[in-house]
Amino acid sequence: MPDLLIELFSEEIPARMQARAREDLKRLVTEGLVQAGLTYAGAGAFSTPRRLTLAVEGLTAHSPTTREERKGPRTDAPDAALEGFLRSTGLTRDQLEARDDKKGQVWFAVIERPGRPAAQIVAEVLEAAIRNFPWPKSMRWGAGSLRWVRPLHSILCILSDEAGAETVPLTVDGITAGNTTRGHRFMAPDAFTVTGFDDYAAKLRRARVMLDAAEREAEIRQQADNLAFARGWQIVPDDALMAEVAGLVEWPVPLMGVIEDRFLALPPEVLQTSMKEHQKFFSALNPKTGRIEGFVTVANIETPDDGATILAGNQRVLAARLSDAAFFWENDLREAKSGMEAWRDGLASVTFHNKLGSQADRIERIAALARGIAPLVGADPDQAERAARLAKLDLRSAMVGEFPELQGTMGRYYALEAGEPEAVADAARDHYSPLGPSDAVPTAPVSVAVALADKIDTLTGFWAIDEKPTGSKDPFALRRAALGLIRLILSNDKKFKLKVPLEVGLLRARGASLSAKRGDLLGNLASRLKEASHDPVAYADALTLAAKGSDVGVPGKLVAQDLTHSSWSDYTNWENGLDALLSFLHDRLKVYLRDQGIRHDIIDAVLAQEGNDDLLQVVSRATALNAMLATDDGRNLTQGLKRASNILTQAEEKDGVEYSFGADVKFAETDQERALFSALDTAEPAIKRAMQAEDYPAAMTAIAALRAPIDAFFEAVQVNTDSQIVRRNRLNLLSRIREAGRQIADFTRIEG
Amino acid sequence: MTSPNRPRSFQEIILALQNYWADKGCAVLQPYDMEVGAGTFHPATTLRALGSRSWAAAYVQPSRRPTDGRYGENPNRLQHYYQYQVIIKPSPPDLQELYLGSLRAIGLDPLIHDVRFVEDDWESPTLGAWGLGWEVWCDGMEVSQFTYFQQVGGHDCKPVSGELTYGLERLAMYVLGVEHVMDMPFNDPDSPIALSYGDIFRQTEQEYSRWNFDQADTEMLFQHFKDAEAECARILEAAETDSAGRRIPMAHPAYDQAIKASHLFNLLDARGVISVTERQAYIGRVRALAKGCADLFLTTDAAGVAR
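Chains E and Z are the protein sequences, given in the same order.
FYI, the numbering for the first sequence is 0 to 751, going by numbering that gives the first Met the number 0.
FYI, the numbering for the second sequence is 0 to 306, going by numbering that gives the first Met the number 0.
Treat the hints as calculated values from the structure; they're not laboratory data.
A virtual CB, placed ideally from N, CA and C, is assigned to each residue, including glycine.
Careful, some of the hints might be misleading.
[To be verified] Pairs of lysine-lysine residues, derived as DSSO-like cross-links and limited to a Cα-Cα distance of at most 27 Å, are as follows:
#1 K23/Z to K136/E
#2 K653/E to K665/E
#3 K589/E to K665/E
#4 K23/Z to K225/Z
#5 K287/E to K275/E
#6 K157/Z to K136/E
[What the hints assert, rightly or not] Partial list, computed: chain E residues near chain Z (C-beta under 8 Å):
#7 H61
#8 P63
#9 W140
#10 R149
#11 S153
#12 T302
#13 D304
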């Protein structure tokens, strides 16, 4: 059983592509080998900046000989049929065998494919892998036509067993495979031959190349920790940076440096970001002061001066970078202290989207939304509005211009410098959150209010101008905004009717998008809303009222007032937009809850109910329903409810009436009917009470008590009897069951 | 650690590069005599990267980026600076080694320093050009751009050119251990009349920063942009044969106008009179000119078209 070793040696492969590339190499080659009939015991792929390596152990030396029998036409069939069979098998007539079959003599073809040596198969598979390699970006070089991520210099490809190593004969675009490679670019540049994977790895190590990225990472981690430990510091962990740095070196040599005192006043985030983005340094934290005071750079070489020249050079570059940062910081602080007017003015000239106005327009919308939402989430409306007005000003600061990823972080520092309270400053930092699905969700009320307003403005804004996500396209990240909104509401247990702020957002955004065409309905409405936003008490009251269950809100009133002056279609279009946005949010909620283990049909059953714009309530109901459906009672009850509903629907369609009232126990003929009456008499008020108290588990318990009586009823009673009085009574009884179910969810949507 | 013949001035570094690349067989050209934003704009790179003819050239190119002006006060930023450019077609297999040799030639020994090739894809929207390569780091500082041209003017480069661009001031400051560009010795610091970079360029940086940011007549610049654009289009559309019946397509004169338009756009940008939305449109207009020039160049002898 030979082992296979492949190395593709090239100019420097981008660090970010290496992990994927080694997996692709492994997959393409091993799949190709298996398809060609070889088997193997194990395979491992490795990468350094200059090489992709694959080691396959225990490969079969030959593919097996295969034998295939095919039945052809009868021997007395017309010639044309026989000719077709010969063509399809590639045989001649004298190679066929005539055999007896049930219906007479039949031609049989026996096709033998001899096994092939592994070397031949490896050569074909590797060439195909190289030519079809799925690099995210590839290039040509020189006068050749081969594509690789960067110029490919050599191919090592050997099969080795106890008898020795054999080079696989293979030439790709002028590069002939051999049994040699090279070590570290500077420390061991000469070529050397290898006889197998162990030999290869050992010789590479002597030639100052650590083949395994995981080993390089471990080496960097350990040495960096040791360097930090010696000073009583700690390295700030950064997995993404670690993976990148390990992909930039073949022989990692961590070196530690100290940040000059004059830069220590910079915020730690600035130090860390500048060092990471510009120079790929790890940050070292001094736990005694809580500051970032040092760095670790990872060189790719051991030098006679133990890295002194390299460290001095890095230190100089860092000083130049941090001088820039300090310059930005001081200028920004001066602007912050003087009230940030210049930044506010600046944002008026920055276009957010040509149909949605400037960043300043957007801030106006978010401020109004934040003010309205504040009471719903327990925040002070003045603080929420103030925070929303400040939160994006740092976009004009020099520091955020240099490091866009520090948006928000800098906003907090500048708000504090401007004398704002902590809650307002924190909201400036946190209002973008949560961005990713694993991002922390803000919990401070002012932060929650502004974060919600930010997301609602994004959603309603792009919805209003019809820039909705389609398929895989979501250029304005609306799905991410929707998920952020959902997580903000759910993890903070915030209960309110989402329709109201969505209406407000849509109206304002549509006003913005249409304000160019003056005089139309929505522009008009938006200007009215602007007035309403100058009357914050009325506005907040309306939102609060709506949250308590009233359907009347300021936007609704305004629409009603303006309807007399405009067309009906404008209004219905707008209504449809709102419904579509809400159902988009529901879809996102389904995805989110599915990941939490709640089935989509259960969510559908709950979403079919009133009040589905209160997401917290939807989730509480779905969770309780999910739990009940996990029990025997729950599953059987669902069957019973669905059966009741089906019988009723059929009867109603047939009779053309709705059975919804008047079931009377005095017309009951059986004990089972009487038992069901009595069970419903108990369950109905219990369900009603529980639903009003929003105690969904209690509601589930109450309805689950109906399972046995319903089952017994259907077991014993024929609903459609000859007596019309009895039949009508039974149908009306079923409608009580249906109603009881409808209190909780639309059970007809539950599958199974 | 210092090598005995380590350069002591800015010009020594330039001379060392000139000698090195001359020795490696490059034609040492002179700077192009027009205002450009980078060495890539020199027709010796942009146009010669197109077509099938082999090519090897090296040159210093004074480059202007009006928005980078800082009145001579910033230690690293200048509105006028120098790039050293090497272009070889087809890119030789040992181009990385050749490049590393040039670092040794200016006193950067890769056995003492940490030289790294860090992914950096290059794209020039105004030239309709892109390539893959790296920025080269020396001890954490970017000292060069290293690019394999894939497309120029929207055309595939066949064969592929290898392009090296050294930011001369930054590289020299590092080699010479200077903190502020204006303090850098331009000629030998022991010469009878020793001149620093600042002696030569501080005043011009101030003057041009003022003109670029505050004084340049924007109406005139807009007009010149239109003129250059119109002239470029006119040259491109002119008949291939002259009055004497000779076939002479005028790719280079047309390209001069494209370079002009590009620089005028940069000046207008520095004056802050081009809005974000207009920006893309202007870049597109310059790209259309560059593309037209590339199309025409590809019909010429210099692009390897047989007569």
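Do the hints match the structure? See the list:
For the hint pairing K23/Z with K136/E, the CA-to-CA distance comes to about 31 Å; that exceeds 27 Å, so the pair is violated. Restraint check: the Cα-Cα separation between K653/E and K665/E comes to about 26 Å, which is no more than 27 Å; the hinted pair holds. For the proposed pair K589/E and K665/E, the alpha carbon gap of about 46 Å is over 27 Å, so the pair is violated. At roughly 42 Å between alpha-carbon atoms, K23/Z and K225/Z are farther apart than 27 Å, so this suggested pair is violated.
Taking the CA atoms of K287/E and K275/E, the gap is near 23 Å; set against the 27 Å cutoff, the hint holds. Proposed proximity of K157/Z and K136/E is supported: the alpha carbons are some 18 Å apart, at most 27 Å. Against a cut-off of 8 Å between C-beta atoms, the interface hint on H61/E is violated, since the closest Cβ of chain Z lies about 37 Å away. The beta carbon of P63/E comes no nearer than 41 Å to any beta carbon in chain Z, farther than 8 Å, and the hint placing it at the interface is violated.
Among the interface hints, the one on W140/E holds; its C-beta lies about 5 Å from the nearest C-beta in chain Z, closer than the 8 Å criterion. Here the hint on R149/E is kept, as its CB sits about 7 Å from the closest CB of chain Z, short of 8 Å. Checking S153/E against chain Z: minimum C-beta separation of about 10 Å lies over 8 Å; hint violated. About 5 Å separates the beta-carbon of T302/E from the nearest beta-carbon of chain Z, less than 8 Å, and the hint is met.
Restraint check, D304/E versus chain Z: the minimum CB separation of about 6 Å is within 8 Å; hint holds.
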